[in-house]
Amino acid sequence: MSEPELAHAGLNLGDTGALTQDQAENAIFGFWIFLMSDAVIFALLFATYGTMIASTVGGPTPASEFKLLPAFVETLLLLTSSATFGRATIAMKYDEPRRVLFGWLGATLGLGLVFLAFEANDFATMFAHGAYPMRSGFLSSFFALVGLHGLHVAVACFWLVVMVGQVCAYGLDARVRINLLRLGLFWHLLDIVWIAIFSVVYLQGNIG
Amino acid sequence: MTVSVPLWPAVLGRFGWQDLPFVRAWENPTISEIIGAFAGALVVVGAIIVAALLTRYGKWRYLWTEWLTSLDHKKIGIMYIVVAFVMLSRALVEAVLMRMQQAVAIENPGFLSPDHFGQLFSTHGSIMIFFMAMPFLTGMINYVLPLQIGARDMAFPWANSIALWLTIGAAGLMMASLVVGEFSTGGWSGYPPYTERTFSPGVGVDYWIWAVTLGSIGSTMAGINIACTVYKLRAPGMRFMRMQMFAWTSLCTSILMIFAMPPLTVATLLLALDRYLGFHFFTNDLGGNMMNYANMFWLFGHPEVYILILPAFGVYSEVVSTFSTKDLYGYTSLVIATMAIAVLSFTVWVHHFFTMGQSANVNAAFGIATMTIGVPTGVKIYDWIWTMFRGEVRFTVPMLYALAFMMTFVLGGFTGIILAMPPLDYLVHNTLFLVAHFHNMLIPGLLYGMLAGYHYWFPKAFGFRLDERWGRIAFTCWVVGFYLAFFPLYVLGASGMARRTQAIFEPSFRPWLYVAGVGAFVLLAALTSLGIQLWVSIRDRAKTRVEAGDPWDGRGLEWSVSAPPPEYNFAVLPLIDGRNPFYDHKHDEGQPDPYASPAAYEDIVMPRGSATSVVIGLVAAVAAFGLIWEIWGLTIVALQVIVAAVVLRSFGRDQHRTIPAAEVAREHEAWLTRVRATPAIPRQLETAAVNRGLAEIVA
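The listed protein sequences derive, respectively, from chains H and L.
Once you know that position 59 of the first sequence is 58 in numbering that gives the first Met the number 0, the rest is easy, because the numbers rise by one and skip nothing.
Once you know that position 644 of the second sequence is 643 in numbering that gives the first Met the number 0, the rest is easy, because the numbers rise by one and skip nothing.
Extracted from the complex, chain L is given alone in its bound form (with noise of 0.2 Å):
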């Protein structure tokens, strides 16, 4: 921890120049320093990079007019999906340069400080849960969702940019903790004690505490927005049993961040009113409880496990079902199983913390709820193999997401089920055993299915596919990376390894720490595969275009328009008859054609592009970062813009444009027309060049 002079209180607040990671290596240059100097200077030179880009090709009014300040849903969600990519790729690295010091940490110092491995462990956690799975799965509902329930758009645009914002903004902040300052030690979860001021001074615990207020209000807008468009603005006919399982899944997801998303507003503004106004709600003294934060942490913590993993389940549903060529087995099993989880996600929260003191009967009582939830899991499992079951498998890139997944977290199941027992808990509690086993559930049950669903959707938010080649190598590493980096850890933790540990004192523990230390750079080959896969199509796009729509012989709504989609999603919203009407239309005898023209166009409206929701989002940050700093000022004035901004927008008129019925014809009768020249293909050539995005029908 660093303690430093402040420089110029009045206006700089708490900072001085011990705070910059570039001094601190300067004034002690130590392997860990120049480590932290590296990274933050990474993050000054990559920021530098993009922006002369920008400038260098003239971009700037671009980004700004099409994307940033875009309302569309399609170019939100994909922004989410590119603040998650860059978000793990951070993470990702943390994670390697943990493995690489506990591998040589062996009766041996290593080279991280404890304090700099501290700081690893909390922010490569943070950023995992809030800035690379939330803004991933978030951005994929939204990407998707409003394409699969025949919408135009989000139920609130508006409100779905500012929820995209304060992610960034909050993402901004776990960047700016590189540069400036230091970030908490105190894990993802932020347990006081030991985060309060007493024990946490610095600006570390401040750091983690806004970015994640941040995060959390964020999901909790986008939750409330993502049930309000299930709940409301589905096309004709397409009733709650006609949805598509992605749909499904985003619905469970949305109402678990309503319900669950403010508990952590809640826990870490309380722990915000002890650390800056000296209240008492988790402190050793004068009447605190930290055992109502931790309740408070679980009860939203849990929840998040199944906010991460259902859309994953939904992903999988769809690509299942897709690449066996068969109908969904089970649908309605799934419907029930998906709620059950979502119901059961709240009654399980206990389990984080069996070890805490409460009586034995409520251990018992929460491990027993703990064990029930694997049964919908189970259930799950089990119709995703009967759809498989005398299917025509294909095995494409997000089918074998698919099955890896369902392989490994089977796997992860099991072992979650020794945890559930509070008895056994106890042996495990805090050692490398938990650690393995939810990085067992989680990679699986969230970044297989979002790369599934990244590899599945790609070609319908861009126009071409990704290149399978490239696709396969970095589905490849990410398994073999997976068990080699984590399987070692369950031995580690059975034996007594306790997690977050930065020396290890017991030499039989090296072979298995070599182990996951490969695993590690197995991992990082992972993600260098996905980024020149995704080089290598942008270069060969040319030979993949699937502008007709339909690459994989799709059963949603999504893939019965263009590829990409126009604004407005559907030149005339759809009339739903069945559970896949797409899919239905195409193959079955004597029902309507889907690439028929439509008898008449009506004028579209969508929302205008705004500027407000930008400036709140980032402005938030700025609030948050006056508060992290003791500058107090920079606060107010950024609190009062933002109520200028909302005020502004609420006398706003005039925010929707109106896209005349003639446009509309013309663009989607083109788009017919070009549908009319593609060759059909067999789905045995998918991945082929000869794949345009039409479907051959065999009759």
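Next comes chain H alone, as it looks inside the complex (with noise of 0.2 Å):
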């Protein structure tokens, strides 16, 4: 059988260091398959929003509660580190000197840190206008999405911390390429499952 050229999705390392084309085509297709399964997730949380949206009690209302300005900055935190690690894989996949590498992990870790705080401070003007989970059926899918979504970013940043101690510890062997390969699909799903709750969420709540 010959080797196809690009064996896996995602920025292939094929040829470029320790790691052969078996070992990250099989690791990298599993995590796509995870990814996928986790994606399902999302789509029902999205689907008990679209249910829910109108369950409100006489409660807080999507226009009342949803500030457009905030979730846009949020939106262009989450978009720049995609980019940031984006250029962290590039620099990895090329060996380039270790600080270019921590340079864009520690800006994609910083942005990603923001954009929790910007989310908690979201939460916490909700929380102070009476609007938590408990008060509709609206709030409680709400929280858990747009949660669950908050959620996965601090594990993800919690993950990358780990990356960083990884490469320290054992440089960039094989098992540490693909597991910052996995972490930037990760990172990179979070980004197109952000995009989403913006729309659905965000700009519905305050145009619908």
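Please note that the accuracy of each hint is not assured.
[Said to hold, decoys possible] Straight-line distance between alpha carbons at most 20 Å, and here's what the computed SDA-like set of lysine to any residue pairs gives: (1) L:K231 <-> H:F28; (2) L:K231 <-> H:Q22; (3) L:K231 <-> L:D152; (4) L:K231 <-> H:K92; (5) L:K231 <-> H:R174; (6) H:K66 <-> H:Q22; (7) H:K92 <-> H:A82.
None of these hints come from the bench; they were simulated from the model.
These two chains come separately, so use the hints to put the complex back together.
Written out as structure tokens, the structure is:
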């Protein structure tokens, strides 16, 4: 069997280091499948949100709670963080100096944490208005959807810190490369999910 | 429902003395409570006996290093199936208790309290689906699939082990609910609002939520692993259309798991948010909508039916072809039918709640989609019949199960068509007719299939055959018991008897309930016969050894290696040049000898064992236990341990060991020498003692 040129979707590391094509192919493919099952979870939470958006039971409504400006800033933060992560992956692929890799990973982590801080502030503001998840079905579904996304970002930030530790401990060996690629895919998925949240939750809430 | 006073809330959470069934039985010695205490005692005594035996024979270390921490897909598969048999025993006994209650509770309170009866049907259903059927089929796929596609292991051995241990941890929670506290009375589907805290404040629903959640996460992981194994680890030349049917059905099952298990996880976790934090997803008030739950649960629940049935279809395809001494008829149509079923299974979920109030047009669409599934299923039945047609059919135990399946399953399919028509479904919804229908599908469509696979592949896994006589006795009991226990339920259901009924006020139901009760005992006898069979088979194993590895003149690659196979499965990865490479090489002139020595051996890299996966699975169950009993500190510590274990593992290196080519060569050549000394036997003698696992080749 001949080796296909691009064996796995995502940034291809073929011929650039310790990583064999087979290792990367299986590991990255498996992670894509996992992301698909994760996407099913988000899809269901979106559907739940869609069915409960009118269940405000006299409490806070989308129009009264969702502010476009912070949501827009959060979107920019996440989009930029995806770009910086992409730059970090390229630094990994071409074995650029370690400080370049760490620099871009650090920037990504920073943007992720600032995003989380913005989101926490949004939630705190809503809580202060009496818009907490126990108030209505609408708010329950909002906090489950957006909260789960935030939880994912937090997990991804923790994972990023662990990966920096692994780069320090082992350099860029095959497993570190695979796991950085996986983390990258995870990070980009969260970006995509956020774009859906921005459209379905925040834009719809302000326009609809 | 027991209301007990918390003993020491800071440390023991909700726990109070009345949460122990022994204390309840002491304070209120009714038969119902005594049965509960007896069941709890059985769990405790059983655990103590197992621990004592392991200590007595000094087997702890062996068990830990060779089995529990093993990442070998074959051992993980066997452990899954052990879990399945243990849980099957419990759930079957519960079924017998329920049948007894209904048989005596005609204008009579019977011997089980309504609450106890509710727990019994909830645990029976939850266990049979999540902790009998799922582990059984996952274990069978785990064992057989890599051998069939020419792989040395699954794609992700460590994740494989975590999936196993999450399942074991969840099954442990089911067992713990017998000893501490109680179980849900909300049925296996756990519909809110009944399962919300307002109506079910006890720990029962929480046990259900967390056991099912852990099980569903484990199954998602198993599905990802199986799919990736099929996609990426096939031997050179093993194209998709050359795979054995069981590999195909495993692939379709794994795809269903990947897409259908997450909805279950979402449904149970949102219910948990309602219960623990006061959210309003499925509550009666403040905008909750329980129909969302029904949709999400059955968005999982219907594909789940095909997750359960497809692997059995794969087993039947293998068994019917092998024991009819013929190629599988209509291989391509079977592949297409399997894929069609997998896709269609996502389009029918609403038929589980036709009566919930959606419009007639929605019901009609889903009713038609439901009937459509009968088409590919029918294709399969015909393909198996045509496979047998003009074949030399050998009536071994697996083949008997396959035949019983074909007849019984078709009958269940007919009643399914009845239920698929919304107007008729309105009449029999929530009656025993439905109970009869899904047992009519799942007992032949899952249990018989798994048992057929168990008899078929047991010699491969352990190197000796199962006793044929006791196998036939068990088979007879499973089939007779099934018809006696469930066909009366069709009559009762059509007469209007509601399911899950603890007391009956219609004397004319009596004879049917008696027959069903007798059937339950026959099914219990069937399980006992399987136990006796295992005992007899192990005792007489010297007479039934099949080390050469091919006791049934098999077709797939799994029969080309020794029984039991070496840790690395294949000394040299095979080159695949056809659909039945092993069979064709054995039987056709001018083909390479499947028992020839390979030209060269290579070093083989296999994963080492891992303790972290055991820790993650069991500690996840501890975290769940903390949530159930509101022992928050325990949960927090347990979650930290899980994170630490994952990080620790990711920092680990040197997690593989290399088996040198010389060692592989020595083992393989020794086996080949023994094969050459093995007498080849004709098919007519395959159940006799002379069968040492080498098939006679008739030119």
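The hints, checked one at a time:
no.: 1; hint: L:K231 <-> H:F28; verdict: holds, 9 Å
no.: 2; hint: L:K231 <-> H:Q22; verdict: holds, 10 Å
no.: 3; hint: L:K231 <-> L:D152; verdict: holds, 11 Å
no.: 4; hint: L:K231 <-> H:K92; verdict: violated, 23 Å
no.: 5; hint: L:K231 <-> H:R174; verdict: holds, 18 Å
no.: 6; hint: H:K66 <-> H:Q22; verdict: violated, 45 Å
no.: 7; hint: H:K92 <-> H:A82; verdict: holds, 15 Å
Going through the hint list in order, the structure does not satisfy hints 4, 6.
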